[in-house]
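Trainee: Sequence:
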Amino acid sequence: MNLFINTKYRSNKTELMDDFSLKGELLRDTLDKLGNINKWLGGNRVTLDGIIQLLKNQPKNKTYTIIDLGCGHGDILRQVAKYGRKHQYSFRLIGVDANQDAIAYATELSSGYPNITFKSIDIFSDQFETLNFDIALTTLFLHHFKEEEIKKLLKKLYANANIGLVINDLQRSKLAYGLFKLLGLVITNQMIKQDGLTSILRAFKREELEEISQQLHLKSQIRWKWAFRYQWLIKK
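The sequence shown runs 0 to 235 under numbering that gives the first Met the number 0.
Read the hints as simulated data drawn from the structure, not as lab findings. Even glycine gets a Cβ: it sits at the ideal position worked out from N, Cα and C. There could be a bad hint or two in this list.
Keeping only pairs whose Cα atoms sit at most 30 Å apart, straight-line, the calculated DSS-like set for lysine-lysine is [to be verified]: (1) 32 <-> 118; (2) 32 <-> 145; (3) 85 <-> 224; (4) 22 <-> 145; (5) 55 <-> 180; (6) 145 <-> 224; (7) 218 <-> 32; (8) 224 <-> 155; (9) 118 <-> 7.
Distance windows between CB atoms, simulated [said to hold, decoys possible]: (10) 181 <-> 58: 38 to 48 Å; (11) 148 <-> 40: 36 to 46 Å; (12) 7 <-> 220: 20 to 30 Å.
Produce the complete structure using the sequences and hints provided.
Mentor: The structure is reproduced here in structure tokens:
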């Protein structure tokens with residue numbers, strides 16, 4: 000375990016997954032394995048639990064639009080759709096990703112979910128401004144951006160959301176870094192090995208999220224969740 004890694008400040012190192020031209024079997028294998036890891040570690044549950052909290056006092060006799068940014072192959076939206084079916088919610092689910100091949104794969108995997116659609120959109124574009132939604136989701140997505148970009152995005156999402164935001168992202172710590180290195184011993188996908196460590200170094204400390212909330216005057220709630228995640232709920 001590398002206890003000498005410096006986690007005081009966020010890293011600016013880019014991830015391989017930040018290459019939006021990535022496609023083919025490498026992309027699909029990476030998305031599949033990431034989905035399995037998140038499912039195994041319970042990470043996606045953090046996002047679903049956030050949705051449940053935001054909908055707690057909302058009526059069931061209306062359709063809720065939920066948008067998932069950086070949706071990858073759409074695994075979280077499929078899980079949300081299943082929850083909606085089971086608990087009699089009417090959901091309109093929209094996945095957004097800048098990688099067109101990821102969108103194509105997500106569409107293929109979600110053929111049995113008529114209430115899920117996917118769009119390849121730049122979240123900082125004028126096209127994104129036209130999207131209307133009740134809840135916005137970001138799962139392991141915000142850490143890909145610099146702080147000023149995060150603030151810009153959160154302002155936009157907060158302004159457009161009717162109910163709130165569910166942010167699920169990593170905690171930056173030496174322990175998380177060291178444990179992921181151990182997990183890497185059984186991970187065969189080299190991109191996941193490399194990007195996983197970079198993701199932790201680009202992730203957040205609680206006080207950083209609290210500072211962003213204060214600067215943007217957001218009504219938020221931050222909770223630590225296994226495995227080394229922060230669930231950051233922002234309510235209107």
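Trainee: The structure should be examined with respect to each hint, and the outcome stated for every one.
Mentor: Status of the hints after comparison with the structure:
With a C-alpha separation of about 22 Å, the suggested pairing of residue 32 with residue 118 holds against the 30 Å cut-off. A hinted pair counts as satisfied when its Cα atoms are at most 30 Å apart, and residue 32 with residue 145 qualifies at roughly 26 Å. The straight-line distance between the Cα atoms of residue 85 and residue 224 is roughly 25 Å, inside the 30 Å bound, and the hint therefore holds. Annotation: proposed proximity of residue 22 to residue 145 holds, straight-line Cα distance about 25 Å (limit 30 Å).
A distance of roughly 38 Å separates the Cα atoms of residue 55 and residue 180; the hinted pair therefore is violated under the 30 Å criterion. Taken as a hint, the residue 145 and residue 224 pair is honoured in the structure, with Cα atoms around 23 Å apart against an allowance of 30 Å. In summary, the hint linking residue 218 to residue 32 is not supported, as the alpha carbons are separated by about 35 Å, beyond the 30 Å threshold. For the hint pairing residue 224 with residue 155, the CA-to-CA distance comes to about 26 Å; that is within 30 Å, so the pair holds.
A C-alpha spacing of about 36 Å is found between residue 118 and residue 7, which places the hinted pair above 30 Å, so the restraint is violated. Remark: the range hint 38 to 48 Å for residue 181 to residue 58 is upheld by a beta-carbon distance near 46 Å. Roughly 27 Å separates the CB atoms of residue 148 and residue 40, a value that falls outside the hinted 36 to 46 Å. Between residue 7 and residue 220 the C-beta distance comes to about 25 Å, which sits within the given range of 20 to 30 Å.
The structure fails to meet hints 5, 7, 9 and 11 from the earlier list, while all remaining hints are met.
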